[in-house]
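Participant: Listed here are the chains, written in short residue letters.
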Amino acid sequence: MTVGRRTAFLHARLLDPAGGLDAPGGLLVEDGRIADFGPGLREAPEGAEVVDCDGACLAPGLVDIRVQFGEPGAEHRETFASGGRAAAAGGVTSLACLPGTEPPIDDPAMVEFVARRARQARLVKVYPYGAVTKGLAGVALAELGLLAEAGAVGFTDGARAVADTLVMRRAMSYASMFGGLIVQHPEDPALAQDGVANEGAVATRLGLAGIPAQAEVIMVERDLRLVELTGCRYHVAHLSTAAAVEAVRGAKARGLPVTCEAAPHHLALNELEVEGYRTYAKVSPPLRAEDDRRAVVEGLLDGTIDVIASDHCPQDQDSKRLPFAQAAFGAAGLETMLPVCLELVHTGRLGLLQLLDRLTRAPADLLGLEDAGRLRRGAPADLVLFDPEAPWKVREADLHSLSKNTPFEGRLMQGRVLRTVVDGRTVFERATAAAGA
Amino acid sequence: MAASELPLRFHQRHLLGIEGLAPYEIRDLLDRADGYVDLNRRGDKKVALLRGRTLINLFFESSTRTRTSFELAGKRLGADVVNMSVSTSSIKKGETLIDTAVTLNAMHPDVLVVRHPDSGAVALLARHVNCAVINGGDGSHEHPTQALLDALTIRRRKGRIEGLTVAICGDILHSRVARSNLFLLTALGARVRLVAPRTLMPAGIGRFGAEVHHDMREGLRDADIVMMLRLQTERMRGSFVPSLREYFHLFGLTYDKLAVARPDALIMHPGPMNRGVEIDGAVADDITRSAIRDQVEMGVAVRMACLEVLTRGLRAAA
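Residue numbers (my numbering), protein chains in the order written: chain Z, 705 to 1141; chain D, 62 to 379.
Where hints are given, some of them may not hold.
[As the list claims (entries may be wrong)] With the C-beta cut set under 7 Å, the calculated list includes, among others, these residues of chain D facing chain Z: (1) Thr260; (2) Arg278; (3) Pro303; (4) Ser304; (5) Leu305; (6) Glu307; (7) Thr315.
[Unchecked claim] Chain D is faced by these chain Z residues, among others (derived, beta-carbon under 7 Å): (8) Glu847; (9) Gly849; (10) Leu850; (11) Met881; (12) Phe1028.
FYI, nobody ran anything at the bench for these hints, they're computed from the structure.
Using N, Cα and C, we set each Cβ at its ideal position, and we do this for glycine too.
Whole structure, please, built from the sequences with the hints as guidance.
Facilitator: This is how it looks when you write it as structure tokens:
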């Protein structure tokens, strides 16, 4: 890996959703920052390292606002180092990590721990969420004020819904005092109780307990009423149903401060994936009926869905090699996010710039990460260089994550990250087939 | 002029709350109380105004401070004082309260001072007795004598109430002291700010003339008076506020936060204080800034004034 004071990326297809730029050109990095970029940049200055992009896409590094690490407590699943490598291989340069670790990120000291460990890994930029409730138990408020001061970018109980209505009300009321963002896993736990798959004909045939689509929209609609009451900023995680998308659409039309996200697997896959009891397809919320999948895609196209986030949830073999009902929920997603989403571009549903907006500018703006998600002179050089057409097959051995639980295993993808740069430093390069140190 | 020589302006039968009192009625009580402050500082503190009369302190909620204050007030006016503490577990709501009232009424007390954990309970009881009733605090509703003694403290230290900026900080949601103070201070022309986390601020309180603040530094800016309310630590189970240390960090009164108030701002607290929760210990003990001890002294005088005006009918009839 070369560390040059100046690096020129030439002959690239420059893409910057924030600036509406999609044109051939170049980009100059100096001292870790973007010094210049544009269609006019065709030559490298004297002494600069040159990266010939050969027509590949050069865009702001992806911003993934929903990633679960296993550190602390489950380091065998994913450490900040392995997760950082996986992120870099996926073109992600900034990510927000969920508090579902052991111990959870419900204390300011834990926020500082995460920041420090991520810095030590020296790969991608990691921003921690703080918990909404202590111990993620859904009962007592976590120290939201102190968490925010320590650097938490938002509050969430991770894979658990804040189920008690009064607790959610108070959390929203309290967080709204300092403009805090509450992120909810939208699932009524009582309705979802023992469910492991989408409630419907497929689950019935396989004899699997179902989670009705209503479990999602009931929670979303309840929370939207609380948003009306408190004015708190609210973000719905991994939407998977038509009804919930519709509810968010209506709330936005009414002017409520609501945003939402979809995960790549809910955009690309439906409940048929669990055929054969494939536990790599066991995710929360579950893969839904085809109608729901289509509605989620429509929501992305019409702007109801603001952001795409991987919902990277690493699980080790022991947790997945079990009867379906006993297997852990979750799919690893950092490395497949971009190519899975590019499918929408390849099929003409969405323009490349529009797609990238949902993966860069929009998530960065949502969390207030001013320097991320855009090409800007003077900003840190966080970039992804990718070939949108390059074909490859998802193979366990090629994945950088410690956990290989991807529902896309064995699939043919079109679109591959070639190089990822953070603060001007290459943290991933495809040519050497290894992550940067 | 002795308190009992002032022309009578207060004509209410009971003192159930500040809401509904006219400003001149409030001033009447404060002026009388001023006279009693002087009396209490003399060697012989007794006057015979209520000699032969019976005052019953009927407390359904425990309190040493307020009850003792009323007891002293009554005794200094020459009354016979009886203290009744009724534990909440032995009292069912509603009917038994009225039964208690009716029973007591048969003993012909002249004044009842009542404290009850339920809002509105004192008014309910008052409808079933013939004597005058003073509300010693009902639920989250009102504590009129506290607001009166707070006002007297302010008036004596600052020379006026009108035009002052008063910041009341703490658990406003559950506080009868906050409500009574809000009514009284706005009635007398002060500017009231309420400072609390959103989870401890009652809905619609802005309609009663208060400025609502969730940022303590904004709430204390240029304040003349900083009134801190006790935070009940049983609420620290994380449901309203996450923890003591976060509460103190955001809403506890420290010199650092106090710095944005006026340099001569007065610190008040109805007591008892949780040091290190709502107020830093050093700030509370700062005799150049704190009026907390004055408040206690004013309390007895104010209660004597209230007893005086509420028993005027007995003396007129005699």
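Participant: Each hint: holds or not?
Facilitator: Going down the list of hints, with the structure as the test:
Using the Cβ-Cβ criterion of 7 Å, the hint placing Thr260 (chain D) at the interface with chain Z is satisfied: the shortest such distance is roughly 5 Å. Interface restraint check: Arg278 (chain D) against chain Z, minimum CB-CB distance 13 Å, threshold 7 Å, status violated. The closest approach between the C-beta of Pro303 (chain D) and any C-beta of chain Z is roughly 4 Å, which is under the 7 Å cut-off, so the hint is satisfied. Interface hint at Ser304 (chain D): satisfied, since its Cβ lies 5 Å from the closest Cβ of chain Z, which is below the 7 Å cut-off.
For Leu305 (chain D), the interface hint is violated, the least distance from its beta-carbon to any beta-carbon of chain Z being 10 Å, above 7 Å. Interface restraint check: Glu307 (chain D) against chain Z, minimum CB-CB distance 4 Å, threshold 7 Å, status holds. With a cut of 7 Å, the hint placing Thr315 (chain D) at the interface with chain Z is violated, because the nearest CB-to-CB distance is about 15 Å. At a threshold of 7 Å, the smallest CB-CB gap from Glu847 (chain Z) to chain D is about 4 Å, leaving the interface hint in force.
For the restraint placing Gly849 (chain Z) at the interface with chain D, the shortest Cβ-Cβ distance is roughly 5 Å, inside the 7 Å limit, so the hint holds. With its C-beta approaching chain D no nearer than about 5 Å, Leu850 (chain Z) sits inside the 7 Å limit, and its interface hint holds. A distance limit of 7 Å between C-beta atoms decides the matter here; for Met881 (chain Z) the minimum to chain D is near 4 Å, and the interface restraint holds. With 7 Å as the threshold, the beta carbon of Phe1028 (chain Z) stays out of range of chain D, its nearest partner Cβ sitting at about 37 Å, so the hint is violated.
Checked against the numbered hints given earlier, this structure breaks hints 2, 5, 7 and 12; the rest are met.
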